[in-house]
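Undergrad: First to last, the sequence lines map onto chains A and B.
Note that this note's numbering numbers the first sequence so that position 148 is 148, with each residue one more than the last.
Note that this note's numbering numbers the second sequence so that position 309 is 309, with each residue one more than the last.
Don't take each hint at face value.
What the hints assert, rightly or not - The calculated DSS-like cross-link candidates involving lysine-lysine, where the alpha carbons are at most 27 Å apart (straight line), are:
1. Lys48/B <-> Lys346/B
2. Lys274/B <-> Lys328/A
3. Lys41/B <-> Lys197/A
4. Lys343/B <-> Lys328/A
5. Lys274/B <-> Lys41/B
6. Lys48/B <-> Lys107/A
7. Lys303/B <-> Lys107/A
8. Lys328/A <-> Lys118/B
9. Lys118/B <-> Lys52/B
10. Lys346/B <-> Lys107/A
11. Lys355/B <-> Lys343/B
12. Lys48/B <-> Lys328/A
13. Lys285/B <-> Lys274/B
14. Lys41/B <-> Lys107/A
15. Lys303/B <-> Lys274/B
Hints in this document: simulated from the structure, not taken from any laboratory.
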Amino acid sequence: MPDAPLILAIIMMIALNLYAIMGGADYGGGVWDLLAVGKRAKEQRDLIAGAIGPIWEANHVWLILVVVILFSAFPVAFSVVSIALHIPLTLLLLGIIARGTAFTFRKYDSTKDFVQRRWGRIFAVASLITPVLLGIVVGAISEGSVTADVAGKSFDQVYIKPWCNGFCFAVGGFALVLFSFLAAVYSTVFAQTEELKTDFQRRALGAQGACACLALLVFLLSERSAPGLRESLAHSSWSILLQAATAVCAVSSSVALLKRKFHIARFFAAGQVSLILWGWGLAQYPYLIRPDTTINNAQGAASTQTLLIAAIASGAILLFPSFYFLLKVFRHQIDQPISK
Amino acid sequence: MSDLIFARAQMGFSLAFHIIFAVAGIALPVMMVIAESLWLKTGDETYKTITKRWARGTAVLFAVGAVSGTVLSFELGLLWPEFMKWSGSIIGLPFALEGYAFFTEAIFLGIYLYGWDKVNKSMHLISGWIVAISGALSAVFVVTANAWMNSPTGFKLVGNLPTEIDPIKAMSSPAALPQVLHMLIAAYAAIGLLAAGVHAFMLLRDRQNEFHRRAFGICLALGCTMAVLEPISGDLIAQMVANTQPVKLAALEGQFDTMRGAPLRIGGLPDVEKAETPFSIEIPKLLSFLAHHDFNAEIKGLKEFPREDWPPVLWVHLNFQIMVFCGIIMGLVSMCAGAIYLKTRKLPDHPLFLKAVVAISPLGLLAIESGWMVTELGRQPWVITGILRTSHAVTPMPGLALPFAMFFLVYIILAVVVVVLLIREFSRSADLQVGTAAAPAGEVSDHA
Ligand code: HDD
Ligand code: HEM
Ligand code: HEM
Chain A
1 MPDAPLILAI
11 IMMIALNLYA
21 IMGGADYGGG
31 VWDLLAVGKR
41 AKEQRDLIAG
51 AIGPIWEANH
61 VWLILVVVIL
71 FSAFPVAFSV
81 VSIALHIPLT
91 LLLLGIIARG
101 TAFTFRKYDS
111 TKDFVQRRWG
121 RIFAVASLIT
131 PVLLGIVVGA
141 ISEGSVTADV
151 AGKSFDQVYI
161 KPWCNGFCFA
171 VGGFALVLFS
181 FLAAVYSTVF
191 AQTEELKTDF
201 QRRALGAQGA
211 CACLALLVFL
221 LSERSAPGLR
231 ESLAHSSWSI
241 LLQAATAVCA
251 VSSSVALLKR
261 KFHIARFFAA
271 GQVSLILWGW
281 GLAQYPYLIR
291 PDTTINNAQG
301 AASTQTLLIA
311 AIASGAILLF
321 PSFYFLLKVF
331 RHQIDQPISK
Chain B
1 MSDLIFARAQ
11 MGFSLAFHII
21 FAVAGIALPV
31 MMVIAESLWL
41 KTGDETYKTI
51 TKRWARGTAV
61 LFAVGAVSGT
71 VLSFELGLLW
81 PEFMKWSGSI
91 IGLPFALEGY
101 AFFTEAIFLG
111 IYLYGWDKVN
121 KSMHLISGWI
131 VAISGALSAV
141 FVVTANAWMN
151 SPTGFKLVGN
161 LPTEIDPIKA
171 MSSPAALPQV
181 LHMLIAAYAA
191 IGLLAAGVHA
201 FMLLRDRQNE
211 FHRRAFGICL
221 ALGCTMAVLE
231 PISGDLIAQM
241 VANTQPVKLA
251 ALEGQFDTMR
261 GAPLRIGGLP
271 DVEKAETPFS
281 IEIPKLLSFL
291 AHHDFNAEIK
301 GLKEFPREDW
311 PPVLWVHLNF
321 QIMVFCGIIM
331 GLVSMCAGAI
341 YLKTRKLPDH
351 PLFLKAVVAI
361 SPLGLLAIES
371 GWMVTELGRQ
381 PWVITGILRT
391 SHAVTPMPGL
401 ALPFAMFFLV
411 YIILAVVVVV
421 LLIREFSRSA
431 DLQVGTAAAP
441 AGEVSDHA
């Protein structure tokens, strides 16, 4: 029986995983909104809006869950990231505000084309920037220079250096292309016409290529920037297995895309992104924030941790069926404006 | 100005912004399901139109509420890392529970908004109720966390750190129940009367409009009931403050000297230098009575406490006056509505009454904002009463003026957009010719 901090860390990883494969696709959708071209541009945009519509607020909750578990179960870690990563987190918040509100306003504002376009532009640009910042934060906590011990250090050392570097930006870019990949693959399933399916099939394959390049880049840069992470990624037996599994998923999703077996592609694409995330999580273990904040030395009260686990477990029993119900009701559903 | 001031200002306006959407998210779904129930019961299509209108409003406001709430949960750490380090594991539980309440709300709001033709009628109504209940639960949980900051319990202090943490006990701090009641009733009263004001405004132009008559009825029924209850729960919360936070009570009332049979002050500008509150009307012994239900009870004055532990007395007192003033006016108009209804059994629609409702419609939100200023400013200089000072909780990050300015700008823009969208909704429904076919002709329905 694993102990409470480990269980909570695993729950956080699960929430992060769900956020990535569901909320992540919403971000990716924004990217394709921005890149919508050709005579079917409007159809492409509508398809994306329809797929995001009913559930983006629910998807968003996974991020909140991560934050809440972090500050209740690991209050020290919350305080450390909040101090050292103040700048990227603030920018991330601005991105989240712009994206969520622009998406909603687009839906409820005038249906005139230029108004729609204006909100759509904000939504899309924010969708592009926010995942990069998310990736930057993940990069920074893996890297090993995040500290809340500000005494005698320069502003630059504490607040800038831990995240403003090539490695973190590469991780940011990686997050962006992974999310775009997911969104494109999901859209191949949602699309109602063969032409639209083909549009997104091409996009998905392109994004898959970009994912491979950025994965390589991140790995190369990690040698200098994140030696601790690199060490456990490259030299443990579980890691080899996990990477093999990731590769299998990546190849399978690509092949399925080529053969237009879109449901299968969706399954493997989600698997691929999840495995990448868990690979990172395992390599990061037992650290929450490198170099010195771990799930054991950052933990808060044991009584709270037990109660949290109980609350989350009982909540999950209630909520997963409801969430499944929501998804089921709206599967394959192209959005229609709420009747006036 | 110092970084601390900017951090406090940023926290304050983020919360003041969020609370507007939060209270709408609490009260609108209730109005929406009442309208839907009436539609199902009477078959009157006007009610269905009303339901859909309010559902649209709920959806826009919900999105902004969700986003601004997300910002808050990050801001707790970005601005107050020491506070979160100290109390994260004590008040994390209510925040986690709020997350669930929100999740439930988001799921069922999705079903409600998009499911009109996809789920059956009773499932649809049940989804609406779940949205309404989980909206209220969100508020219960966060306010519980805030109540703990005001009257901390559920841990032992060893040195400067908490041990033997009991999160359940922390959730049932003395301030929790009175604050939760007062907050929920405030949300229903404020939004009920605000919406009533909008429909009253439309009715002044077109008295026979069935859409607005029915909508006005629902709003009045909810808003007036709650506005009458609010001062009663105000009494409860005032006693709690008197018992647990004597400095805050003294600041609320501008009471500098400790005395038995303290007077209630109406108006007045507390002067901290001179330690007196001039320009006020004093009602003898009433404060002692209100605070402890005994005309001769002792009220501790500010002078009893070290000067550096005083909250900003002037602001706390003024905000308290504003809230109570709003509460009294809202309560009186509501009792008036009740009296008219009991006598005539009709929707109160006299133009004078409609004008009165329009006039008081913003007071609920004003009272909520000023009430929160009372609570939060009244707790200063502490984040956690008597335990952690705000100045020790703030982040070491310099240059907080910049994020303050950015968020301020973004929130102003958001506020403008939301107002424009809502006004457009209202003016659209002004020209609405609805339900004329389905509604029994000429019949004035009264469901108030
Ligand atoms: C519609 C809104 C509204 C109205 C009409 C009133 N209040 Fe209120 N009041 C609030 C909305 C509010 C609030 C915004 O919801 C607060 C802030 C914190 C809280 O829990 O409730 C609050 C706080 C608050 C506090 C401070 C509690 C604390 O610091 O912990 C007191 C003493 C009162 N109220 C008392 C009253 C009295 C005696 C009223 C009589 C008319 C009254 N309120 C009307
Ligand atoms: C939504 C209604 C609320 C409003 C309008 C509000 C307003 C404010 C204001 C004006 C301040 C700055 C006070 C000062 O430093 O002078 C503040 C501070 C703060 N509030 Fe609230 N507040 C609200 C609810 C809450 C709730 C529910 C919580 C927590 C559960 C909370 C937590 C805090 C914290 C941590 C601070 C910073 C520390 C401090 O200044 O004491 N607030 N709030
Ligand atoms: C008295 C103060 C507050 C009340 C009554 C309140 C109530 C609510 C309500 C009803 C919602 C649902 C959204 C909606 O229906 O519009 C909501 C959302 C939210 N609130 Fe508040 N809230 C308050 C203060 C706070 C504070 C201090 C925090 C931060 C710590 C916070 C965090 C959130 C979050 C994170 C969400 C969105 C949840 C999500 O996106 O997952 N709220 N709040």
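Undergrad: None of the hints should be skipped; say for each whether it holds.
TA: Status of the hints after comparison with the structure:
With a CA separation close to 22 Å, the supplied pair Lys48/B and Lys346/B stays within the 27 Å bound. Restraint check for Lys274/B and Lys328/A: not satisfied, since their Cα atoms lie roughly 68 Å apart, outside the 27 Å limit. Pair hint Lys41/B plus Lys197/A does not hold up; C-alpha atoms about 45 Å apart against a cutoff of 27 Å. Restraint check for Lys343/B and Lys328/A: not satisfied, since their Cα atoms lie roughly 51 Å apart, outside the 27 Å limit.
Among the hinted pairs, Lys274/B with Lys41/B is inconsistent with the structure: their alpha-carbon atoms are about 64 Å apart, more than 27 Å. Using a Cα cut-off of 27 Å, the hinted pair Lys48/B and Lys107/A holds, with the two alpha carbons roughly 21 Å apart. For the suggested pair Lys303/B and Lys107/A, the alpha carbons sit about 56 Å apart, so the restraint of at most 27 Å is broken. Of the supplied pair hints, the one linking Lys328/A and Lys118/B holds, its CA atoms being roughly 11 Å apart against a limit of 27 Å.
The hinted pair formed by Lys118/B and Lys52/B meets the criterion: a straight-line CA distance of about 15 Å does not exceed 27 Å. A C-alpha spacing of about 39 Å is found between Lys346/B and Lys107/A, which places the hinted pair above 27 Å, so the restraint is violated. Under the criterion of a C-alpha separation no larger than 27 Å, the hint pairing Lys355/B with Lys343/B is consistent with the structure, at around 20 Å. A distance of roughly 25 Å separates the Cα atoms of Lys48/B and Lys328/A; the hinted pair therefore holds under the 27 Å criterion.
A threshold of 27 Å between alpha carbons decides the hint, and for Lys285/B with Lys274/B the separation of about 23 Å falls inside it, so the pair holds. For the suggested pair Lys41/B and Lys107/A, the alpha carbons sit about 31 Å apart, so the restraint of at most 27 Å is broken. Only pairs whose Cα atoms come within 27 Å are accepted, and Lys303/B paired with Lys274/B is accepted, the gap being roughly 11 Å.
The structure is inconsistent with the numbered hints 2, 3, 4, 5, 7, 10 and 14, although it conforms to all the rest.
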